[in-house]
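The residues making up each chain are set out below.
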Amino acid sequence: MLCAGFSWVVSVAGIFVLILFWLGGSALVEFLNWPIPGSVMGLMGLWVALVINGGVPEWLKKPSSLLIRNMTLLFVPAGVGLINHWDRLTEHGLAMVVIITASTLLTVVLMILIFKLFRVKL
Amino acid sequence: MNTSVEMLLAISLTMGIYLAAEKLYVRLKRSALVHPVVISIFSLMGILALFDWDYARYQQDTYLISFLLGPATVALAIPLYEQMSLIKQMALPLMVACLVGAVVAAGSAALLSAVWTGDEIISLSMISKSVTTPIGMDISRVVGGSPSLAAGIIMFAGMLGSLFVPYATKRLGVKNDAIHGFAVGVTAHGFGTAQAFERSVQAGAFAGLAMSLTGIISAFLLPVMPLADWVVQLTR
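For the record, the sequence lines run as chains A and B. Heads up, the first sequence is in our numbering, so the first residue is 1286 and it goes up one at a time. Heads up, the second sequence is in our numbering, so the first residue is 13 and it goes up one at a time.
Excised from the complex, chain A in its bound form:
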């Protein structure tokens, strides 16, 4: 029981640190008036902290992998918002599929060309 209680406290500490970096990143971009998402600034901040620390502490890793593993659930509510764009989707859906596919293939071809230029083994 004591052990379970301990791991719960440890996970809360991990989530707390993640939110703290989110807060720091958001405050920084707002202060600098940069058009960059605060969450990504927080990501960079945590990355720098990990490089300085030279490793990932277990109490941070556990809640983080829980969040990342189930990340897809987290954007379901936003995705449901597609319902407000239903007319757009029915009108332009086919064009969107073609555009997404064409743009993806163009990107892959260009990247492979870059690797060829650098003589990376394909």
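No wet-lab data here; the hints were simulated from the structure. Misleading hints may appear alongside valid ones.
Restricting the straight-line Cα-Cα distance to at most 27 Å, the calculated cross-link-like pairs of lysine-lysine (BS3-like) are [to be verified]:
| # | chain 1 | residue 1 | chain 2 | residue 2 |
| --- | --- | --- | --- | --- |
| 1 | A | Lys1406 | B | Lys100 |
| 2 | B | Lys182 | A | Lys1401 |
| 3 | A | Lys1406 | B | Lys182 |
| 4 | A | Lys1347 | B | Lys35 |
| 5 | A | Lys1401 | B | Lys187 |
| 6 | B | Lys100 | B | Lys187 |
If we take Cβ atoms under 7 Å as the criterion, some of the chain B residues that face chain A in the derived model are [stated by the list, open to error]:
| # | residue |
| --- | --- |
| 7 | Thr74 |
| 8 | Thr85 |
| 9 | Leu88 |
| 10 | Tyr93 |
| 11 | Met102 |
| 12 | Val116 |
| 13 | Val154 |
| 14 | Pro159 |
| 15 | Ala163 |
Using N, Cα and C, we set each Cβ at its ideal position, and we do this for glycine too.
Starting from the known structure of chain A, fit chain B onto it as the hints suggest.
For chain B alone, kept in the frame of chain A given last:
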């Protein structure tokens, strides 16, 4: 107390449907076409439409779930930190390919859409097409698109990318799993990464690295590029 029951219902429904969709996904051999996110989103849309449930209220009621995207995005620093050692072997080509890939994936989709569909919101949301969803939704918010539409577009980019990119890399003569993984990660983010892991651990690791790098590069670069202005001009 009515509001709190509605909130609990919205959260339970979202989680329940997602878990059921995950079961279905495993049963159908993990095809990208029946990805739990896709099934969940369309089922919930059906339920909302059927019961005349206002999306704004559903969105408010499920805010607790969406809120966790913030810490989850920050947490992406951990796999990035762990995968950074992969980059050492060929840092310059990987960084250049990722930079060009991120810009071309965004620019070509947004501009093509502006010219073809003429729909401003769709085209602005296309800017974050290849970016992993949590970061992509935030980028969409910053450049004036719709986060919901961006989530949908990113989802389709993931599905279509998982479908076509392996074919493209094969045709281009790619045999190195690292290069294949990287290309899939840049263009098809999480969907592509999951698929790359089925090819090999190396392909998956490079895809994950590419996904994180693309997200970060896109977040720093795309909002300061005049891409959104061009889209607006083209759709006017």
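Hints and how they fare:
1. Straight-line distance between C-alpha atoms of A:Lys1406 and B:Lys100 comes to about 15 Å, which keeps the hinted pair within the 27 Å bound.
2. Proximity of B:Lys182 to A:Lys1401 is assessed by CA-CA distance (about 15 Å); at most 27 Å being required, the pair is judged to hold.
3. With a CA separation close to 14 Å, the supplied pair A:Lys1406 and B:Lys182 stays within the 27 Å bound.
4. Proximity of A:Lys1347 to B:Lys35 is assessed by CA-CA distance (about 24 Å); at most 27 Å being required, the pair is judged to hold.
5. Taking the CA atoms of A:Lys1401 and B:Lys187, the gap is about 13 Å. The hint holds against a cut of 27 Å.
6. Among the hinted pairs, B:Lys100 with B:Lys187 is consistent with the structure: their alpha-carbon atoms are about 20 Å apart, no more than 27 Å.
7. Hint status for B:Thr74: holds, given a least beta-carbon distance of 4 Å to chain A, under 7 Å.
8. Given the 7 Å rule on beta carbons, the hint for B:Thr85 holds: about 4 Å separates it from the nearest Cβ of chain A.
9. Given the 7 Å rule on beta carbons, the hint for B:Leu88 holds: about 6 Å separates it from the nearest Cβ of chain A.
10. The beta carbon of B:Tyr93 comes within 4 Å of a beta carbon in chain A, closer than 7 Å, and the hint placing it at the interface holds.
11. Below 7 Å, beta-carbon pairs count as interface contacts, and B:Met102 has one with chain A at about 6 Å; its hint therefore holds.
12. Using the Cβ-Cβ criterion of 7 Å, the hint placing B:Val116 at the interface with chain A is satisfied: the shortest such distance is roughly 5 Å.
13. Against a cut-off of 7 Å between C-beta atoms, the interface hint on B:Val154 holds, since the closest Cβ of chain A lies about 5 Å away.
14. With 7 Å as the threshold, the beta carbon of B:Pro159 comes within range of chain A, its nearest partner Cβ sitting at about 6 Å, so the hint holds.
15. Taken as an interface hint, B:Ala163 checks out: its beta carbon lies about 4 Å from the nearest beta carbon of chain A, inside 7 Å.
Of the numbered hints stated above, none is contradicted by the structure.
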